[in-house]
Structures are given as C-alpha cells and as structure tokens.
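Use these hints to put chains B, C, D and E with the ligands onto chain A, whose structure you have.
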Amino acid sequence: MSDLLSSDDVSALLITLKLAGISTLILLLLGTPLAWWMARTRFRFKAVIEALVALPLVLPPTVLGFYLLVVMGPHGWIGGALQALGAPSLAFTFSGLVVGSVIYSLPFVVQPLQTAFSSIGERTLEAASTLRASPMDRFWSVVVPHARGGFITAITLGFAHTLGEFGVVLMIGGNIPGETQVLSIAIYDHVESLQYGQAHILSGGLLVFSFVLLFLVYRSNRSAALLQRRERS
Amino acid sequence: MSDLLSSDDVSALLITLKLAGISTLILLLLGTPLAWWMARTRFRFKAVIEALVALPLVLPPTVLGFYLLVVMGPHGWIGGALQALGAPSLAFTFSGLVVGSVIYSLPFVVQPLQTAFSSIGERTLEAASTLRASPMDRFWSVVVPHARGGFITAITLGFAHTLGEFGVVLMIGGNIPGETQVLSIAIYDHVESLQYGQAHILSGGLLVFSFVLLFLVYRSNRSAALLQRRERS
Amino acid sequence: MSDIQFRFKLPLGRFELDTDGQFPAEGVTVLFGRSGSGKTSLLRCLAGLEQPRDAYLKVGGEIWHDTSRGLYVPSRQRAIGYVFQEGALFPQRRVINNLLYGYQRTPVAERTADFDQVVQLLGLQSLLQRFPMQLSGGEKQRVAIGRALLNSPRLLLMDEPLAALDRDHKKEILPFLERLHRHTHIPIVYVTHNFDELVRIADHLVLIEEGRILASGPLEEMLARVDLPISRDVDAGAVIDAQVLSHDEEFHLTRLKFAGGELLVTWVDRELGSDIRVRIHAKDVSLALEPAVSSSILNILPARVEEMQVHGRGRLLVKLDLNGVPLLARITRHSQHRLGLEVGSKLYAQVKGVAVLV
Amino acid sequence: MSDIQFRFKLPLGRFELDTDGQFPAEGVTVLFGRSGSGKTSLLRCLAGLEQPRDAYLKVGGEIWHDTSRGLYVPSRQRAIGYVFQEGALFPQRRVINNLLYGYQRTPVAERTADFDQVVQLLGLQSLLQRFPMQLSGGEKQRVAIGRALLNSPRLLLMDEPLAALDRDHKKEILPFLERLHRHTHIPIVYVTHNFDELVRIADHLVLIEEGRILASGPLEEMLARVDLPISRDVDAGAVIDAQVLSHDEEFHLTRLKFAGGELLVTWVDRELGSDIRVRIHAKDVSLALEPAVSSSILNILPARVEEMQVHGRGRLLVKLDLNGVPLLARITRHSQHRLGLEVGSKLYAQVKGVAVLV
Amino acid sequence: DTLRIAVASNFMEPARELVRQFEQQSPHRVTLSFGSTGKLYAQISHGAPFTLFLSADRARPQLLEKQGVALQGSVFTYAYGRLALWSMDSAQDIEEGQILQSPDAFRYLAIANPRLAPYGRAAKEVLESRELWSSLQSRIVRGENIGQTFQFARSGNAQLGFVALSQILSLNSDKKGSYWLVPETQHAPIEQQAVLLKDNGAGNDFVEFMHSSEASNIIARYGYRVAGSKPDE
Ligand SMILES: Nc1ncnc2c1ncn2[C@@H]1O[C@H](COP(=O)(O)OP(=O)(O)OP(=O)(O)O)[C@@H](O)[C@H]1O
Ligand SMILES: Nc1ncnc2c1ncn2[C@@H]1O[C@H](COP(=O)(O)OP(=O)(O)OP(=O)(O)O)[C@@H](O)[C@H]1O
Ligand SMILES: [Mg+2]
Ligand SMILES: [Mg+2]
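Chains A, B, C, D and E supply the protein sequences, listed in that same order. Under my numbering, the first residue of the first sequence is numbered 1, with each subsequent residue one higher. Under my numbering, the first residue of the second sequence is numbered 1001, with each subsequent residue one higher. Under my numbering, the first residue of the third sequence is numbered 2001, with each subsequent residue one higher. Under my numbering, the first residue of the fourth sequence is numbered 3001, with each subsequent residue one higher. Under my numbering, the first residue of the fifth sequence is numbered 4001, with each subsequent residue one higher.
Hints were generated in silico from the structure; no laboratory data involved. The structure displayed is predicted, hence computed values, not measured ones. Every residue, glycine too, gets a C-beta built ideally from N, C-alpha and C. There are no misleading hints in this set.
Once the Cα atoms are required to be at most 16 Å apart in a straight line, the calculated EDC-like pairs of lysine to aspartate or glutamate come out as:
(1) C:K2171 <-> D:D3233
(2) D:K3171 <-> C:D2235
(3) B:K1018 <-> B:E1179
(4) C:K2170 <-> D:D3235
(5) D:K3009 <-> D:E3210
(6) C:K2170 <-> D:D3233
Which residues of chain C face chain A? A partial, calculated answer using Cβ under 7 Å:
(7) A2047
(8) L2049
(9) S2075
(10) R2076
(11) I2080
(12) Y2082
(13) A2088
(14) Q2092
(15) Y2101
(16) G2102
(17) R2105
(18) N2151
Derived coverage of chain A by chain C (criterion: at least 3 residues anywhere in the stretch with Cβ under 8 Å from a Cβ of chain C; other residues may be distant):
(19) 122 to 134
(20) 139 to 145
Extracted from the complex, chain A is given alone in its bound form:
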C-alpha cells in the first residue's frame, strides 16, 4: 500500500518549506519591532495590543481560517478592497496562506521576543549609546545577542508551528496540489483515505527532518549559553 511518495507529496513538501520559511521571515520582520515596542513602551493601552496579538490563538484554526476566508473573499473588506484596486485575491493563493500563517503564528513569535527584550538592562543600552551606536546598531549589537534565546524560541515555535499548521491553511488555501497543498494537509489526506503507509512515511520524514533541524538549532544555542554562564568555576 505504501508506494513511494507521489509527485503531489513532493510538491507539498516544497510548498510547506517555502511557506514555513517565508512565514517565519515575515513573522520575524513584523514580530521583532512589535515585540520591541511592547517591551519598551509605556503606552497606556499596551495591554490592549498585547491581548489582540494573542487573540488568534483562542479560535480553532479552521474557524479562524473561515473568518479569514470571509474577509478575504470578494465580499469581505480585504478581498473587496483588493478587487477594487485590481489586485488579485488572496484566497486560495500561496500569498493567502502566508497571510493566514502569519496571523496565526504571530503570538508565538512576539511573546518570547517580548519576554527576552524586557530583560535587557537599561545600562547596557546606555553604554552602547555612549559608544556611538545608533538605535539600529544597538539593536543588532546589543539586543540581538542578549535576546538570542528569545529569538531561538520565536523561530522554532514560529517555524515548527507553520510546518504543522493546518486548519487555517486548509481553509484559506483550498488544498490545491502544487499551489496551496502543504505537507500537513497531504498527510491528513493520506490518513483520511486510509493510506496509512504513506502517512507514516511523510509524518516520519517530517519528524526526523524537524528533529535534526531543532537539534542543530538548540545545540548551537547551547554552546553559546555555556560560554556565557561559566561565570565562576
């Protein structure tokens, strides 16, 4: 029953990696300034923003996907606006998947970063300012090394979650092979159609691949952490 991977499976794999990669990148680009702002601001209504960021989490992914679909559809305000601008619709396209994944995974990226950012000592940042570092420079040279652990967490949670992401993607993607069918859906389809052999192969491969990736990430982080914490003895 378990033949080799079908070409659909292979393209699902590629699409998944592309989706996870692009989404993680966008999540970092969006999440980093957002987390920084939330860690530093004294804005009165910060808690509102924080709660909003975490909110997509509480809806079942399929339901979130459903609402996104409604919003992105030709009668929804995003879809309608895009249509009015002559831009292509987001629903059932790879771009739509990216948008959905980003919304759904945002809290996994923002929250660890925010935690890491708020533990940075004011003094260290001030020291960097007196040493001619611009805010951007300070961010790269002081904040990023300090928040290394937070970034690792953000990236692994964000990436892994997009790999396993399913409900949102299924809903707004439409499961179109070679376009919006990602690995998680392919596995799901195999399980649904009782092709357990292929499901096992795909799941196993995904697990091994992810394990190796995660292991490498954690190991590299570990050696850095060790060096830092050898304080005494």
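Positioned in the frame of chain A, the structure of chains B, C, D and E with the ligands alone reads:
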C-alpha cells in the same frame, strides 16, 4: 438561524474552560521543572530533549491526534499497558483530552520559561543561598518573580492554545457532548453545518472573553514591569 | 576650548537634581560629594542619558541640550567616553569586543586612542578573550575604562572609575589620565569620593550636596578655603605649583622652588625648570616660632597666619600665607595657646610630608 | 571560639587559587591584595559558593567542607552574612524586602540583629520603599551590608563593602562593625584594597598575591614588618594599643599611656583606663637627636633603631623600638646621613600625627 | 486545460481512479482538492477556483445552485454511499446489527457526526429505528467525517463503527474484520451529488465521463451504489 446557545454549547464551554484550566495547571507543573532543568543543566544531550519537546508542534494536530489515538488504543503501547493494569482507556475521555492537550501545548509552556530562567543571574541565586534560602525557597522567592514575564507568556500561550486546540482534541475526544465536546469543536460543527449565526455567537463570545482575560493578565504584568524599570527618570 | 555651561533640573522620586554652573572645558573637573548627593545624576545629564525637565548644556561652543528650544544631541553623537559606576560591560561580548565596540564605530580619521597602548596601560593583555563574567571586580573596572578611552572621546565622563582598584593600579592609571588630558586636551569630568584621588587629579572642583552645587572653582582655591566641608577632612591640605630647581644625586633629593620659598622632596625625575604640583596635608604641617635644629624635618618655611577656623572641639585649621601662596596647617588649640598664635603672627611652617602629584 | 582553618585549590581558567592557612575565629580578618589576586575567590570558598577541586574548611570546631571525606555544608546552612562585591540585591524586591529576606528566614531564637538599629545606622529609612534600580551606587552598597547584617550571621564575609562609600558614611559604618564584632564576637572576614580601612578595622591580616597567601598574622606584627610589600605603601605605619591616662579639659586633649611612653592626642571620649588603638604613619614620624623645643609637635618619645630597610632610591624605612613596642619611621637617606643613624642608635621619635582608631 | 475538482474526502480514492482513467482518454489535466463538504462549500461560496464539486451530500450542491454560484440545472447524483457496521474483530458476529442490543459487547460505537455527515445521519436513523439512539448516547463517539469515524474504530478505541463500505473494501483482506452491510431500506439514501461551477469544456467532458459505464464500474468497485442502479434490500 441564530437561536440562543444550545445546552450542548454551554456544556462545551464549561468543558473547554475546565480542559484549558487543568491542562495549563499540569503544563506548569510539568513544564516548570523541565524548563528549569533545561536552563541550568550542562547535560551533553540537552539539545535532544529540547528538540523532542518541540517536536509535537511540527505534526498537524489531527495527525498527531491520530497517532495518539493509535498509541492509546488497545494495541498501542499506552493503551495496552493501561489495559494490562486494568485501568480504563484514555481515548474518548476527558483525561485523554488532557493528555493530548498537554503533549501538544508543552513547547508553548517550556520554551518561554526556559528563556526566562536562563537569564537569571547566578549572583542573585547565590545571594539567596547565603541568606538561608533552600533551593525550593530560592525558586519561589527569586526565580518566580524574575521569570514573571516568562510565566505570563507560558500561561497565556498554554491556556489560549488549549482553548483553540482542536485537531488533537477532535481526534482523541470523540466529540461526546457533555464529556469531550469542547467549544472549538462546537464552533467547528456550526461552521461545517452552515449554522453561521451560532458560530458567530460562540466565536464572538470566546473572543471577547479571551480578550478580557488576556487584557487583565497583561495589564497586571505591565504595572509590575513599569515599577521595575523606572531605573532612572 | 571654551567652557562647559550647564543647567539641569531633574526630579528623581523625592530627590531633585537642581544644578546650574560651569567649568572649564579642559583639565580635570572632579565632582565630589557624599553618597546619594547627585554626582551620577549630573554626569548622566552631561552624557545625555537623562531627559531632565529643564536642561541647558553647552560644551565648547556647541549646544548639546536646550529644552527651551527643543534641542537635544543624542549621546551617540556627543563623542564622549562614559565609565559607568557599575561597569555596564556587554556581557555577551569578550573583553576584546567590549574594548573595540566604540573604537570600531569611530571614523578612522577621528580615532585618537591607540588600542595596544590602552591594553598595555590597563594590563588587559591576558584578559582579552574572557567574558565579563569571568573577570574580578577590578578587572571589570579596568575594561570599562579601556572601552571609554578607545571611543576616542572629546569629553571623558568617569563615574568612580578607580573605586574597585588597588593603589598600584591607581598609580598606573591616574598619571595616564593626567597625561591624556594634558596632551590631547580632552576635558575629563570625574566623580570620586576619595580625597586622595580628588587632590591628585583635579584641576577644577565641583562640590555637590543634596542635588545642588555647593561650591565650584579651581582646585588650589577650593582647597585653601577653610569654610568648606572638605577642609574638615583629615586629608585636607593645600596644593602648590612649583618648579624643579636642582637635584641632589647623593641623597636622591630634588629641590623645588615656589613663590613662598623652597621645598626639598624625594627625587623627582623631571628636568630642571619643569612645572610640578605638590600637595601638603594640613596635618603634615606643624608650626614653630623658631626653625627647629637637628630634626629630620627638611622643609621649614617662614609664614604668616592669615585666617584661623575652629574645627571641632580642640582643633584648629590655620590658613598660612607664604608670600602669597596659601598653605593649611591643622593644629591643636593647645599648640595655638602655647605658641600664642593670632592672625598676623609670623612663624615657621615645618612641613613633614610633601606629596609630589605628577 | 577556636580557629578558622582552610585549604582550597580552585582552578579558574589560567588562574588558580591555592591557599592554605588559618586565622582566629574572632575579630576582623582582612584579606588584602591587588586586583585579581584571588580575594573574592577565597571569600567565596569560605561562603561555600565555589566547588573547589580540593577543599577543607573548619570553622569554630565545625567542619564545613572536606572534599576528601565528601563533606559539604551548603551556604544556606552556614549562617553567614555575605556582602557581594557587586551588591547582588534582588532587583524585584523593594529595599525593605531585600533587608528582610534573610531576617525572615532566621529562626526567631537565633536572630541577633535589630532591624531598626541596622536601618538607622546605614541611613536607609528613606529608601525602604524603593527598588534597587532607584538607588545610587553607595546606597545599594549600604542596603547590601544591611541585608547581610540582618541575616544574624555567625560569620560575616564582606567583599569591599565600603568601596563605593564616602568618608562620612565609612566613619559611621566602620565603628559599628568594630563594635559588632567586639560585642557579639561575630568574626568578620573583610576584603579591601584600601589601606586606611585595613588598618582601621583589621585584627588579623592575610596578604594574598596571585592566588596564594603571602603572609598572615596579627595586624600589629604584620604592620611592623619592614619586609612586606605593604610596608612600601605611603600609608605604612605602626599600630599601638594604649590606655587612657588623663584628659585635659582646657585644650581638649587626652593623654594615652603605652609601654613605650605617653602620647597626647585630641580628646577621646573614653573613660580613664580604657583600651584604645592608635595608628602612627611611618611618614608622620620624624627623628631627632635631641627633643625639639618650641615646636607644635606634641609627642616626642625616646627610641632605639632596631632595623633599617632601604625602600626605593633615597628613602629608608626605620623600625624603632620604644621599650618593646615597634614603631616605623620613613625618612630620607639625607636625614639618615645628617643624623648618623645606624642600628642601635638612641634618638627621639617626633610623632606629628596620631590617628585614634576607636 | 487544467480542471480543478473539489472532492469530499470520503470519495478521495474513487475520484483519483476516475481521474486516472479520464486523463488517459482526454487532453485535459485534472487537479483534485479534498476537504470536508462543509469546508469546500464555504470555500466555493467565497470564490474558490473550482470547476466541479463532488459533494458528499445533496444539501450543499443544491444550496450552491440556489445561490447562483453553481450552474443552474447542473446538479446530478453520482453515487450512493453504503453504510456498514464494522468491527475489527473478524470473529465478531455482527450480522443484522444484533450486537447493538447487547451493551456488554462493546464500549464505544463510532458514528460520523449526524449534523455534518450523511453517513452519520444514516447511522442515526438506523439506531433510531431500533430505539437505541438515546440509550446508546454515552457510548457513541462522533467523528467529524466518515474518515475520522473509521479511524476511531480501526485504532481499536471504538469496538464498533458505522463506516462506509468503501473504507472496508480498501483494507487488506486480512484486516477486513467483520461487517454488516446495512440495507438501504433502513435509512434514507446517502445520496452524493455533484454540481458544475463553471461552464467550460473540460468540466463538461468530465461530467460526461462520470456518466459513462466505465466510470460507473469504478465507482461501484469502491463500494458505492451507482446512480440509476437499484437499491439493495
Ligand atoms: N529612579 C529613582 N527614583 C528615586 N530616586 C532616585 C532614583 N534614581 C536616583 N535616585 C536618588 O537620587 C539621588 C542621587 O543619586 P545619584 O546616583 O546621582 O547619587 P550619587 O551622588 O552618584 O551617589 P553615589 O556616590 O552613592 O553613587 C539619590 O538619593 C538616589 O536615591
Ligand atoms: N570564571 C573565570 N574564568 C577565568 N578566570 C577567572 C574566572 N573568575 C575569576 N578569574 C580570575 O581569577 C583571578 C582572581 O579573581 P578574584 O575575583 O578572586 O580577584 P579579586 O582579588 O577579588 O580581585 P578584585 O580586587 O579586582 O575584585 C582573577 O585574575 C580573575 O581574572
Ligand atoms: Mg553614583
Ligand atoms: Mg574581588
């Protein structure tokens, strides 16, 4: 189309809150020592454990649920072992849901805690030791206040994620009203069966409730953080 | 370079820094005051690290801060070197990368500091590959000094930079700072609560008390005043600028000349005629009506009593005039009585100890 | 209480602490040495904060650490008070909760420290509700001292506790520490690189150099040695234990008696007959063949030259014998020549400055 | 042309086989997207780019036609699903479903959610006609679709399940267990209808192919009754 909430919906709400509450509690009880160990140990193969903890994330929830179901079944090693011990099976029970949620949400709890724990200065812990604090005492009096932000992140991600959790629960719960039918499944059912009105009510309620909860948590955290960081000026 | 003018109003909880003043934009200005008096706060205002309610700061003709006109030059554009009281090293960077942080960010043409020289002076060679966590307290402080120096500052702000250092290290670093500001004309603002350090390094002295400036002026003037709190310090004493007159090879002594006479001190390795600063503690000066004979005291100088101030019960601070040069002597009232001292008395100042400061 | 015996071998990167020794489990033992010599490391070993390769520590009859027998009493069971060089306050706790941390964890019956008294002494009243981030450097240090004292320690370990404090604060805290160990018999191990502090507070002195113990002994003995590096310090000098003989109300002077004669010092508010410690800097002692007349120098004592050691070119450290009590004098070779000094010479020591230490 | 067909998950296998055959005799290429009927309906009504929709029920295609999303008059029935009561245990005697009356013989009975899946509705009807529906409530576990229902039973967690005949037929002969094919007289027909969403040549060609005897053979081979054939007794 949108009548008032059915009694099934109400019991789904209660089960969901119970599930999220219990799971979060167990996640904290399990995740805290695990995260502490991972933040402090110099064990060679720590990265292996770290990667294992994050691994459930990469599988689509439904697929993870499928494997859990297999493992919990009479021929699976957990189900088999339980049966040999004369214990009741986990599948289609509330306990089974808890097990599934805990496995799936573990990385959301462990990772923020680990990040927070590893940024605690050795010196502060040493100071507590010289001031008669036992390791447990140190944990409560020094580590917890320091890792406050990490705990907030862990609890909100863990709780919110269990609220919205779906695939795993769907699979191992069996959707028994009053027992394993959680809110996310109820909403899903409404969407699938075109009862959009009820879906909107439930989703809206869940969103508002979660928003208020998250907002309160974040606001309380904010005032503490502000006090700390008023360093100068 | 012209002056540094400032005015800062900075409320900090129940404390308020409320300062207003100026000091020369050359030499070393020491901020001196007790713990919690506002030294660090003032230094931070100068560095641009605080946002005072009301601020005006003009350094060498450039306005760095003026809240009334909404003008503010951020710290990173001020080309300062700041040594934090707590060190504030970058914990994730090795010592060498801490040192090079500002250096690499300084345009090559503006670099005035020499890496090897700074490392050598501060004895950091063997520490370069360590992380800050692996350093002793004093070692951290030296790295922090090095990092500030290598930022090629046009103004050096140092907050108790030598507090964790032993005398030997101080003896190496202080002269370097003195040379630094003499050769490169970098003004230094230096916080300390150590009287020795103050006298050693200061050209200008700013006394701070409870967030306010109590007095400010050139060191010699400030030290010769008998009305300031510092004159009550056991280490109170005058500072005298003199020139090298001659060397005595056999006994390894150097004779100095100043307006009030001559001083014999242990060998100072300087050319004849060069300028030199010496410090004479009030407690090292005793008074006599006639020059002592067969005593080991080398320096006995004719003087006139200019001012006397009672300091505590039974003790007296006497300001002497040595042909225009002020000198302080701390004596007991018993001695005053025995010698019959009053303002205008002519007598001899017996100087037991002369500390050469350069 | 019996002695504190220890042996620690602790490798730290290229540095190794390799110490072996003992000191009395009473009074103040000062660890003195330059930056990076291993003072903090030794103190941490005593506190049980390090896991040395080889360790043995016995305090007042109890064994706290013995790697050869796998014995180790954790820090929290040692009833110590540790003042960290960096303060190490709990950043999330207000000052009052920092202070009470150890206090609350001490069984009521074992509490020896009084909260109000400590707060009063350290001037912390107005700081109690602040967070550590809102304190000045010196304020932090005072809180750290208070926290350690309120732990009701049986052994107090202090790592440069007064380094960030001004002289006024030191003047309040040092006598308190002295009284503390005198009244409660808590032994104190005290790290400092400040000579004044050392002489002021030490009963026992341990000199550390490059991780090893160079010399160790009672303060008086150690200070009277002319062969140790500390005798080259400008502040080198002897310490003399004396008794109050009489008070002179009119001139506000006190006359002290010791084996080598009498000393006249400014009023000391102590009863007749009470013990008192004074310090006489080598540089404050001058030598004369005959007692000076009409000089403000009050104390002129007959002495005999016991040992002379050349310190640097042109300078000499002379160890005098005043009827069995050692006294150091630093003079120039010029003076030596003029006075014709040699071992055994009888002469007069003119003491310009006497610092009363209690 | 590329023809995009949305297919209800339960018809996954026969649909693939149909496409294989179709592509051999036609220049058109076909991509299949699978999903639950409810999800596919939501997607189609929000503009998903499908030409043909093979639904698992009658309701959705007719709704689409009524809403004007689908081509008027294009709805047709392509298959009738066959319900079976199944046990993994080949020794189990479940003929005529007598076992349902003996509660000691099983702990859980898996059915598809009657509100979502036609198979579930049929199962409910069978149970209701035997007046077992209410008495078995605590033993019934619901799958979101017939695929999940089958997994409940196949993993051994549910000892019995009302599944689709097509699912049993796809098992290896040694795993077929025992089953009772429920006569279609005991429940309303499980009518699976299709609807055309776009009027293009490829779509019309495929619909025509669906009506061919070749197609009918394939559909029947997978355990469905073909439209037009007689219901069995
Ligand atoms: N964030 C703050 N909130 C309230 N008070 C503050 C804050 N920061 C500083 N202070 C107070 O301001 C005063 C001045 O502090 P500053 O650090 O300038 O003192 P300092 O002269 O540098 O003292 P030290 O010699 O102890 O370092 C202190 O009394 C301090 O307690
Ligand atoms: N983790 C470490 N790795 C390598 N070397 C270390 C480490 N910790 C300390 N050292 C070295 O051990 C030596 C002793 O350090 P220690 O902190 O005991 O010095 P100290 O006498 O307290 O100095 P200071 O007066 O500057 O505080 C120093 O040379 C220091 O660089
Ligand atoms: Mg300060
Ligand atoms: Mg130290």
